[in-house]
Amino acid sequence: DVKVTQSSRYLVKRTGEKVFLECVQDMDHENMFWYRQDPGLGLRLIYFSYDVKMKEKGDIPEGYSVSREKKERFSLILESASTNQTSMYLCASHGGAALYGYTFGSGTRLTVV
Amino acid sequence: RKEVEQDPGPFNVPEGATVAFNCTYSNSASQSFFWYRQDCRKEPKLLMSVYSSGNEDGRFTAQLNRASQYISLLIRDSKLSDSATYLCVVKPGGYQLIWGAGTKLIIKP
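Sequence lines, in order, name chains R and U.
Just so you know, we're using my numbering here: the first sequence kicks off at 10 and counts up by one.
Just so you know, we're using my numbering here: the second sequence kicks off at 1458 and counts up by one.
This is chain R alone, in the form it adopts within the complex (with noise of 0.2 Å):
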């Protein structure tokens, strides 16, 4: 099985901070997510990463940042945090075959106060 590990499953930080979320996968996937997931809003896109060193903004990359400098290692960086960051943070991982879902870590979830 597929494993995707975050580093943190619950953080709380004060605003202003420059917060670091890790996740890491073990199956020597090329595509890497980061998701941020509120109430009645589903699971938005922040970044992704189909490469080392390779970024694609998703849908809210505003004040966050990425770092691929390994392939089985994907960080989410957020610059300076803010109240409007809290949320469940869950990073995924996806070999490429089409009909194969992405598989997710635990999730971090992250307080900013």
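Certain hints may be false.
Calculated lysine to aspartate or glutamate pairs in the EDC-like style (CA-CA distance at most 16 Å, straight line) [unchecked claim]:
id: 1; chain 1: R; residue 1: K64; chain 2: R; residue 2: D47
id: 2; chain 1: U; residue 1: K1459; chain 2: R; residue 2: D68
id: 3; chain 1: U; residue 1: K1561; chain 2: R; residue 2: D47
id: 4; chain 1: U; residue 1: K1561; chain 2: U; residue 2: D1539
id: 5; chain 1: U; residue 1: K1499; chain 2: U; residue 2: D1539
id: 6; chain 1: U; residue 1: K1548; chain 2: R; residue 2: D68
id: 7; chain 1: U; residue 1: K1499; chain 2: R; residue 2: D47
Because the hints were derived from the structure by calculation, they are not lab data.
Got chain R sorted already, so can you dock chain U onto it with the hints?
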């Protein structure tokens, strides 16, 4: 109009009953379709892909209607453990998935 729309529910259903919900999508060029299940405070997990001819996996049946642009999920003989939020997912092409906001299902004893 949202790209993928689902009735948020909740659907309150007695154990053993059959329940079905639909999901509509706006992009007629969409290529792949999925149902995910998400338990409370957990990550989404793939329930099943939806094939053009429809497909079944045990008590679960998924259908695709391209003409009307919707997919459906039918759950037969519902169990208490089926209580969850069911997310409809559409892949227009490329790398991205478009997610519905989910339908909450509560199975009651």
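Against the structure, the hints come out as follows:
{"no.": "1", "hint": "K64(R) - D47(R)", "result": "violated (23 Å)"}
{"no.": "2", "hint": "K1459(U) - D68(R)", "result": "holds (13 Å)"}
{"no.": "3", "hint": "K1561(U) - D47(R)", "result": "holds (15 Å)"}
{"no.": "4", "hint": "K1561(U) - D1539(U)", "result": "holds (10 Å)"}
{"no.": "5", "hint": "K1499(U) - D1539(U)", "result": "holds (14 Å)"}
{"no.": "6", "hint": "K1548(U) - D68(R)", "result": "holds (15 Å)"}
{"no.": "7", "hint": "K1499(U) - D47(R)", "result": "holds (13 Å)"}
The structure does not agree with numbered hint 1 stated previously, though it agrees with all others.
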